[in-house]
Amino acid sequence: MSKPLKIKLHVNGVARELVIEPRVTLLDALREHLNLTGSKKGCDQGQCGACTVHVDGERVLACLTLAAQVEGREITTVEGLTPDGAELHPVQAAFLKHDAFQCGYCTPGQIMSAVACIREGHASSDAEIREYMSGNLCRCGAYPHIVAAVREAREALS
Amino acid sequence: MRDFTYARAASVEDARRLAQQSGAMLLAGGTTLLDLAKCGVARPDHVVDITHLKGLDAIEVTREGAHLGALAKMSHVADDKAIRAEFPAVSEALWQAASAQLRNMATIGGNLMQRTRCAYFRDPNSFAACNKRQPGSGCAARGGITRNHAVLGTSSSCIATNPGDLAVALVAFDAIVHLGDRKVPVDDFFLLPGATPDREQAIEPGEVITAVSIPASAAARRSTYLKVRDRQSYEFAAASAAVGLDLEADGRTIRDIRVALGGVATKPWRAHAVEKALKGKTLEPETVMRASLLAMEGAIAQGDNHYKIDLAPRVIARAILKVGGLA
Ligand SMILES: Cc1cc2nc3c(=O)[nH]c(=O)nc-3n(C[C@H](O)[C@H](O)[C@H](O)COP(=O)(O)OP(=O)(O)OC[C@H]3O[C@@H](n4cnc5c(N)ncnc54)[C@H](O)[C@@H]3O)c2cc1C
Ligand code: SF4
Ligand code: FES
Ligand code: FES
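In order, the protein sequences belong to chains A and B.
Per this note's numbering, the first sequence starts with residue 2, numbered consecutively.
Per this note's numbering, the second sequence starts with residue 11, numbered consecutively.
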């Protein structure tokens, strides 16, 4: 086996040291090593978006990112969207209000994606929201409510 | 994923040196490499991370054309104002590819190196035969489900489609792939499968793509990328076309036209016959439709993919008429 790597990750504003095999993905590092289980493993293959997190403020898939690769970058997970104990992020509040989920498994990924989508300026119409949220699949089919939630959060954040 | 070592390249020179080790693979966005490593198709012993290299992510547009650093992200190029103005087909090919998350990870260099989505290629546990994965082992796709396979540029050893979108626009506008000092026209960079489908790009072990450049042209400025697929978003092309048009002062005589096809061929496919048939002609629907049919000369259907032979010329024609303001 390859020599384990000692790396430092900046997650949600905190520097965390960990010792991992080189092949460990950011998703497994978060879930298995740092006990941050908000990011979900749907497909583990870059197809569903359940593992969406932000790296240096941009949404990416944690399952296709090596943990070692993002050393020194700022990582934000759904747990770090608002400071500890703070109220819900406007996107989270909009998801609750619009019932934008059923089982909830895709939801952390949807929320991280939506926050970035609005920040990028890619949420100007329902059609644009659908296009730029298409990397987040929802097996429960909550799509119309998700679009409504993103639309409302866009207004709240503008 | 199998075990591998991880090293971070300190310079392009360092990346070349590390990539020469046997079993080494460069890691950029990781969206092809890690995906294929998880499928058991890519089996790197050493992963060489180039994402920390400085200065390789530039996006520059001058009067001569565009210069895209190999580490520029798909999303950043797609949203770049100057790219959208001077090379709309490039921007459109990028934002219609993959998903927002994948485009924030995936790089221009890695994009040219993506592999086919042939389901048999991607599933070594179920299908031993694949000449692209294992030269000489056969082709499980023949006689299988071939809805997404190629109708142009196939060989007896492989019928897999090149799935990329960006490369189609690059082929239409004569882009150049920079491997350090070595420069390769993008059309020569992609290889036909022939008897060696395992070799898809004209790149040697230890070579690193450093940039892609696209010469400015009137046709590139008036261009579009039309992608037709099974789903409206987040899906590979069933057939796509990158088209650029330059009209004479009369507004209807075609001075220059570029046409390239995606989703239907074993490499990004320049449709020279269509261009030749339309140069100097008047832009009107009947002429355009007739000329577009020429793109399918020599096409061979493989069972389930016959629809592509009907679909592709219509996609070309619609793209030309759209960019010409007639549709
Ligand atoms: C679910 C999904 C959907 C997708 N949909 C589309 C789509 O609709 N259209 C489309 O065009 N693409 C699509 N893609 C493919 C995607 O665009 C590619 O995976 C991506 O562009 C690869 O870039 P990367 O930087 O992530 O490459 P990596 O995965 O890092 O690298 C890919 C390969 O290129 C090599 N490499 C990387 N950089 C260099 C370099 N500078 N020089 C030499 N070699 C290099 C690596 O060693 C590796 O072999 C999709 C991918 C996924 C997972
Ligand atoms: S079509 Fe090509 S990639 Fe697909 S199974 Fe046959 S040889 Fe392999
Ligand atoms: S778990 Fe990462 S995309 Fe599905
Ligand atoms: S709420 Fe169940 S998968 Fe989206």
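Rather than coming from a laboratory, the hints here were simulated on the basis of the structure.
Take the hints with a grain of salt, since some may be wrong.
Listed next, the in silico DSS-like pairs over lysine-lysine satisfying Cα-Cα at most 30 Å (straight line) [to be verified]: (1) K42(A) <-> K7(A); (2) K291(B) <-> K48(B); (3) K9(A) <-> K193(B); (4) K48(B) <-> K42(A); (5) K9(A) <-> K48(B).
For each label pair, taking beta carbons as the anchor points, the in silico distance ranges come out as [what the hints assert, rightly or not]: (6) D127(A) <-> E23(B): 47 to 55 Å; (7) L89(A) <-> K289(B): 40 to 48 Å; (8) R157(B) <-> A157(A): 40 to 48 Å; (9) K91(B) <-> D57(A): 40 to 48 Å; (10) D127(A) <-> H62(B): 24 to 32 Å; (11) L89(A) <-> D198(B): 37 to 45 Å; (12) V22(B) <-> G105(A): 44 to 52 Å; (13) D198(B) <-> G58(A): 33 to 41 Å; (14) D314(B) <-> G58(A): 16 to 24 Å; (15) G58(A) <-> L336(B): 20 to 28 Å; (16) P5(A) <-> S165(B): 27 to 35 Å.
Beta carbons: idealized from backbone N, C-alpha and C, even for Gly.
In rising order, the numbers of the hints this structure does not comply with: Numbers 2, 3, 7, 9, 10, 11, 14, 15 and 16 - these are the hints that the structure violates, sorted from lowest upward.
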